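Participant: Just need the whole structure built from these sequences, with the hints factored in.
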Amino acid sequence: MKTKIATSLVIVTCVVSIGIWRAFAADTLHEGIYDVGTQKPTDSVLKVKKGDTAPDFTLRAVSGGKVSLKDYLGKKNIVISFVPAAWTPVCSDQWPGYNIAKDEFERNNAILIGISVDNIPTQYAWTKSMGALWFPVLSDFWPHGKVADTYGVLRSDGTADRSIFIVDKKGKIRYIDVHDINQRPPLEDIINELTKLQP
Amino acid sequence: MNIRRIFTLGVLFCILPFLGAGSSDVPEKDFSVALAQVKLTIPSDPQVRKYLGLKQDSGQFSLSQVDADILIIEIFSMYCPHCQRHAPMANKLDQEIRNRKVLKNRVKHIGIGIGNSAYEVNIFRQKYSIPYPLFEDPGGRVLNSMSGIRTPHYFALHKGSGTAIDVFFSRQGPFDDAKVFLETILKKSGIKV
Chain G
7 MKTKIATSLV
17 IVTCVVSIGI
27 WRAFAADTLH
37 EGIYDVGTQK
47 PTDSVLKVKK
57 GDTAPDFTLR
67 AVSGGKVSLK
77 DYLGKKNIVI
87 SFVPAAWTPV
97 CSDQWPGYNI
107 AKDEFERNNA
117 ILIGISVDNI
127 PTQYAWTKSM
137 GALWFPVLSD
147 FWPHGKVADT
157 YGVLRSDGTA
167 DRSIFIVDKK
177 GKIRYIDVHD
187 INQRPPLEDI
197 INELTKLQP
Chain A
895 MNIRRIFTLG
905 VLFCILPFLG
915 AGSSDVPEKD
925 FSVALAQVKL
935 TIPSDPQVRK
945 YLGLKQDSGQ
955 FSLSQVDADI
965 LIIEIFSMYC
975 PHCQRHAPMA
985 NKLDQEIRNR
995 KVLKNRVKHI
1005 GIGIGNSAYE
1015 VNIFRQKYSI
1025 PYPLFEDPGG
1035 RVLNSMSGIR
1045 TPHYFALHKG
1055 SGTAIDVFFS
1065 RQGPFDDAKV
1075 FLETILKKSG
1085 IKV
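As you go down the protein sequences, you meet chains G and A in turn. Residue numbers for the first sequence follow my numbering, beginning at 7 and rising by one. Residue numbers for the second sequence follow my numbering, beginning at 895 and rising by one.
Hints are not guaranteed to be accurate.
[Unchecked claim] Calculated lysine-lysine pairs in the DSS-like style (CA-CA distance at most 30 Å, straight line):
id	chain 1	residue 1	chain 2	residue 2
1	G	Lys81	A	Lys1021
2	G	Lys178	G	Lys202
3	A	Lys1086	G	Lys202
4	G	Lys175	A	Lys1021
5	G	Lys108	A	Lys986
6	A	Lys1082	G	Lys108
7	G	Lys134	A	Lys1021
8	A	Lys986	G	Lys82
9	G	Lys134	G	Lys55
These are calculated hints, taken from the structure and not from any lab test. Small disclaimer: the values here were computed from a predicted structure and weren't measured.
Facilitator: The structure is reproduced here in structure tokens:
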């Protein structure tokens, strides 16, 4: 009887251990990322242009509460980063880079706002895998992609085009880059544009 | 079989998967050709050129030009959270190499930020106070030549004849003990140190 109990205990422990190991290995080696393959570079039509007043929005933040564009007006330059979807290859390697460049944003008196069309639980799990992010990540999930659509970067499949909008302290759009969805926008392009906004 | 024996065997079986957790051995030959074709920008810092044993002060160099018995290469990306988390351990590896006088000028260590610009590599260098030479990958040439590679990835290589190199060690994923990691490379190199 004791032998049976010990054998069962060992089997259960092994199953749990292997499960934990698989989860660890997946995190370490990016196994959790879904490969979407090469996509049409852009699939939307802009509804705003440089010089326009940036449309205001209020969205739920993954860290809790709500964030509006107007919260930062008059205080900070604002970089809005739309990414297509959580758990996809390029997106998962974009914000972590911005995360270690906090000093570069702050030097240019700028805040970064990350937006995707995913719901909060998905964003929570995804951004947690990136480490502690210093900038707000907002959910444009419902009404689905409304903010992306307002800016003209909602793709026909319901994801957002990979795009950067820089809004100055007065609320004017000063830079737009609707980037090839398959590639990451160079960080220095964003920082160079922010530098131009400095007095 | 008594209970104690079943339990001991069970525990051994359970910890076995963790011994290699996070690592993956990749055939070295697959990378020797790709790495032999890699061209990096010659550093402007004379101290770095001296460390690498480079005689030119501008242009590009091949990995075979680095004056070392063993060259350890870390393939990373400043955008990769795993590389960010691993950076302090990579620094420990560098310190471990520099602490052993017998390895001076024989074992050298560099990093290549695949798909990263010089600007992006510099942010990574500053953020984690990286003491060893880091190189950019303009246009993603290294990235494209190593299709499917995941970061961080470590290689160790010897010089071959001419511009050829011999990759004798390859590991995908971070390591958790710099001393053990270095010993593994030294042992596999076949070089007496």
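Participant: Now look at each hint and say whether the structure bears it out.
Facilitator: Now for the hints, and whether the structure bears them out:
no.: 1; hint: G/Lys81 with A/Lys1021; in the structure: holds, 26 Å
no.: 2; hint: G/Lys178 with G/Lys202; in the structure: holds, 14 Å
no.: 3; hint: A/Lys1086 with G/Lys202; in the structure: violated, 56 Å
no.: 4; hint: G/Lys175 with A/Lys1021; in the structure: holds, 28 Å
no.: 5; hint: G/Lys108 with A/Lys986; in the structure: holds, 25 Å
no.: 6; hint: A/Lys1082 with G/Lys108; in the structure: violated, 40 Å
no.: 7; hint: G/Lys134 with A/Lys1021; in the structure: holds, 20 Å
no.: 8; hint: A/Lys986 with G/Lys82; in the structure: violated, 38 Å
no.: 9; hint: G/Lys134 with G/Lys55; in the structure: violated, 33 Å
Hints 3, 6, 8, 9 from the earlier list are contradicted by this structure; the remaining hints agree with it.
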